[in-house]
Amino acid sequence: GAGVSQSPSNKVTEKGKDVELRCDPISGHTALYWYRQSLGQGLEFLIYFQGNSAPDKSGLPSDRFSAERTGGSVSTLTIQRTQQEDSAVYLCASSFTLTYVELFFGEGSRLTVL
Amino acid sequence: SQQGEEDPQALSIQEGENATMNCSYKTSINNLQWYRQNSGRGLVHLILIRSNEREKHSGRLRVTLDTSKKSSSLLITASRAADTASYFCATDDYGQNFVFGPGTRLSVLP
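One line per chain: the protein sequences are S and H, in this order.
Per this note's numbering: the first sequence = residues -9 to 104.
Per this note's numbering: the second sequence = residues 1337 to 1446.
If you are wondering where the hints come from, they were derived from the structure by calculation, not from laboratory data.
The C-beta atom is built at its ideal place from N, Cα and C for all residues, glycine as well.
Be a bit skeptical, because a hint or two may be false.
To be verified - Label-pair restraints from in silico Cβ distances:
1) S:4 with H:1414: 44 to 52 Å
2) S:30 with H:1354: 40 to 48 Å
3) S:40 with H:1404: 27 to 35 Å
4) H:1351 with S:70: 46 to 54 Å
As the list claims (entries may be wrong) - Listed below are the simulated SDA-like cross-link pairs for lysine to any residue, each with C-alpha atoms no more than 25 Å apart in a straight line:
5) H:1405 with H:1390
6) H:1392 with H:1366
7) S:5 with S:75
8) S:47 with H:1363
9) S:5 with H:1376
10) H:1362 with S:5
11) S:1 with H:1376
12) H:1405 with S:7
13) H:1362 with S:27
14) H:1405 with S:91
15) H:1362 with S:45
16) S:1 with S:47
17) H:1392 with S:91
18) H:1362 with S:51
19) S:47 with H:1438
20) H:1406 with S:1
21) H:1362 with S:100
22) H:1362 with S:87
23) S:47 with H:1444
24) H:1392 with S:86
25) S:1 with H:1377
26) S:7 with S:49
27) H:1392 with H:1409
28) H:1362 with S:-5
29) S:47 with H:1390
30) S:47 with H:1367
31) H:1405 with H:1375
32) H:1392 with S:92
33) H:1406 with S:92
34) H:1362 with S:91
35) H:1362 with S:7
36) S:1 with H:1374
37) H:1392 with H:1444
38) H:1406 with H:1385
Hey, can you work out the whole structure from these sequences and the hints?
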């Protein structure tokens, strides 16, 4: 596709369930970022990938959060045993390189934990 | 870690007026970017200014950067109702992640 694609766009789940959020970056973009945005708030950095590796995992809120990227393309953010405080919009962005360039964002995945 | 902080948190102006938003950060940066987010949507890149640049223009947008004060400003001239959105500054710390501020919510009233 022409832009960053995220799925699902909306996810409602029950507390304690696991969820997977997917991000398909722009073809050729080596850097991929995950951010979390709570209602009316700014963006909280979660993790970034350069290729398949994630040099910095310090932004992940807890060990219930994990992310992987395979083949230098699609990334999956997994939240295990979801809690109500995990409710937010999860935004994915990609860029051609790590710096000096703009980020291209997807439309986000809105997660609601009941 | 460094963080951009936008000011004001919210701004309401009449169509045709200019809107100015400010961003402050804490440590040295490689570049600073401004993004726009319409309600319920992803962020869209507006403009990037490098640390060795002081001013940049793009259409009705004017961005300034003062590295001595660790601050940047975004000016939108002749605002339109369609400019209503949240505006974020983002800084990068030399090859690591981009850090976004909490944003300024701009309302342009017709």
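To see whether the hints hold, each was checked on the structure:
1. The hinted window of 44 to 52 Å between residue 4 of chain S and residue 1414 of chain H holds, with their beta carbons roughly 49 Å apart.
2. Our hint of 40 to 48 Å for residue 30 of chain S and residue 1354 of chain H is violated, since their Cβ atoms are close to 25 Å apart.
3. For the hinted restraint 27 to 35 Å between residue 40 of chain S and residue 1404 of chain H, the CB-CB distance of approximately 32 Å keeps it satisfied.
4. Restraint check, residue 1351 of chain H to residue 70 of chain S: a C-beta distance of roughly 48 Å satisfies the suggested window 46 to 54 Å.
5. Distance restraint check for residue 1405 of chain H and residue 1390 of chain H: the Cα-Cα separation of roughly 12 Å lies within the 25 Å cut-off, and the hinted pair is therefore satisfied.
6. Under the criterion of a C-alpha separation no larger than 25 Å, the hint pairing residue 1392 of chain H with residue 1366 of chain H is consistent with the structure, at around 16 Å.
7. Taking the CA atoms of residue 5 of chain S and residue 75 of chain S, the gap is near 10 Å; set against the 25 Å cutoff, the hint holds.
8. Distance restraint check for residue 47 of chain S and residue 1363 of chain H: the Cα-Cα separation of roughly 21 Å lies within the 25 Å cut-off, and the hinted pair is therefore satisfied.
9. Using a Cα cut-off of 25 Å, the hinted pair residue 5 of chain S and residue 1376 of chain H holds, with the two alpha carbons roughly 24 Å apart.
10. A distance of roughly 37 Å separates the Cα atoms of residue 1362 of chain H and residue 5 of chain S; the hinted pair therefore is violated under the 25 Å criterion.
11. Proximity of residue 1 of chain S to residue 1376 of chain H is assessed by CA-CA distance (about 15 Å); at most 25 Å being required, the pair is judged to hold.
12. As the CA atoms of residue 1405 of chain H and residue 7 of chain S are separated by approximately 47 Å, the hinted pair breaks the 25 Å bound.
13. Using a Cα cut-off of 25 Å, the hinted pair residue 1362 of chain H and residue 27 of chain S holds, with the two alpha carbons roughly 22 Å apart.
14. With a C-alpha separation of about 24 Å, the suggested pair residue 1405 of chain H and residue 91 of chain S falls inside the 25 Å cut-off, and the hint holds.
15. Taking the CA atoms of residue 1362 of chain H and residue 45 of chain S, the gap is near 23 Å; set against the 25 Å cutoff, the hint holds.
16. Distance hint between residue 1 of chain S and residue 47 of chain S is fulfilled; the C-alpha atoms sit about 24 Å from each other, no more than 25 Å.
17. A distance of roughly 15 Å separates the Cα atoms of residue 1392 of chain H and residue 91 of chain S; the hinted pair therefore holds under the 25 Å criterion.
18. Taken as a hint, the residue 1362 of chain H and residue 51 of chain S pair is honoured in the structure, with Cα atoms around 23 Å apart against an allowance of 25 Å.
19. Our distance criterion of 25 Å between C-alpha atoms is met by residue 47 of chain S and residue 1438 of chain H, whose separation comes to about 21 Å.
20. Annotation: proposed proximity of residue 1406 of chain H to residue 1 of chain S is violated, straight-line Cα distance about 39 Å (limit 25 Å).
21. Distance restraint check for residue 1362 of chain H and residue 100 of chain S: the Cα-Cα separation of roughly 31 Å exceeds the 25 Å cut-off, and the hinted pair is therefore not satisfied.
22. Distance check on the hinted pair: residue 1362 of chain H and residue 87 of chain S sit about 24 Å apart at the alpha-carbon level, within 25 Å; holds.
23. Distance hint between residue 47 of chain S and residue 1444 of chain H is unfulfilled; the C-alpha atoms sit about 39 Å from each other, more than 25 Å.
24. For the suggested pair residue 1392 of chain H and residue 86 of chain S, the alpha carbons sit about 22 Å apart, so the restraint of at most 25 Å is met.
25. At most 25 Å may separate the alpha-carbon atoms for a hinted pair to count; residue 1 of chain S and residue 1377 of chain H meet this at roughly 16 Å.
26. Straight-line distance between C-alpha atoms of residue 7 of chain S and residue 49 of chain S comes to about 22 Å, which keeps the hinted pair within the 25 Å bound.
27. For a cut-off of 25 Å, the pair hint linking residue 1392 of chain H to residue 1409 of chain H stands: about 11 Å separates their Cα positions.
28. For a cut-off of 25 Å, the pair hint linking residue 1362 of chain H to residue -5 of chain S is broken: about 33 Å separates their Cα positions.
29. A threshold of 25 Å between alpha carbons decides the hint, and for residue 47 of chain S with residue 1390 of chain H the separation of about 33 Å lies outside it, so the pair is violated.
30. With a C-alpha separation of about 22 Å, the suggested pairing of residue 47 of chain S with residue 1367 of chain H holds against the 25 Å cut-off.
31. Distance check on the hinted pair: residue 1405 of chain H and residue 1375 of chain H sit about 31 Å apart at the alpha-carbon level, beyond 25 Å; violated.
32. This hinted pair checks out: residue 1392 of chain H and residue 92 of chain S have alpha carbons roughly 15 Å apart, not beyond 25 Å.
33. Between residue 1406 of chain H and residue 92 of chain S the alpha-carbon distance is near 20 Å, which keeps this suggested pair within the 25 Å criterion.
34. Distance restraint check for residue 1362 of chain H and residue 91 of chain S: the Cα-Cα separation of roughly 21 Å lies within the 25 Å cut-off, and the hinted pair is therefore satisfied.
35. Taking the CA atoms of residue 1362 of chain H and residue 7 of chain S, the gap is near 39 Å; set against the 25 Å cutoff, the hint is violated.
36. Taken as a hint, the residue 1 of chain S and residue 1374 of chain H pair is honoured in the structure, with Cα atoms around 21 Å apart against an allowance of 25 Å.
37. For a cut-off of 25 Å, the pair hint linking residue 1392 of chain H to residue 1444 of chain H stands: about 23 Å separates their Cα positions.
38. Pair hint residue 1406 of chain H plus residue 1385 of chain H holds up; C-alpha atoms about 13 Å apart against a cutoff of 25 Å.
The structure does not agree with the numbered hints 2, 10, 12, 20, 21, 23, 28, 29, 31, 35 stated previously, though it agrees with the rest.
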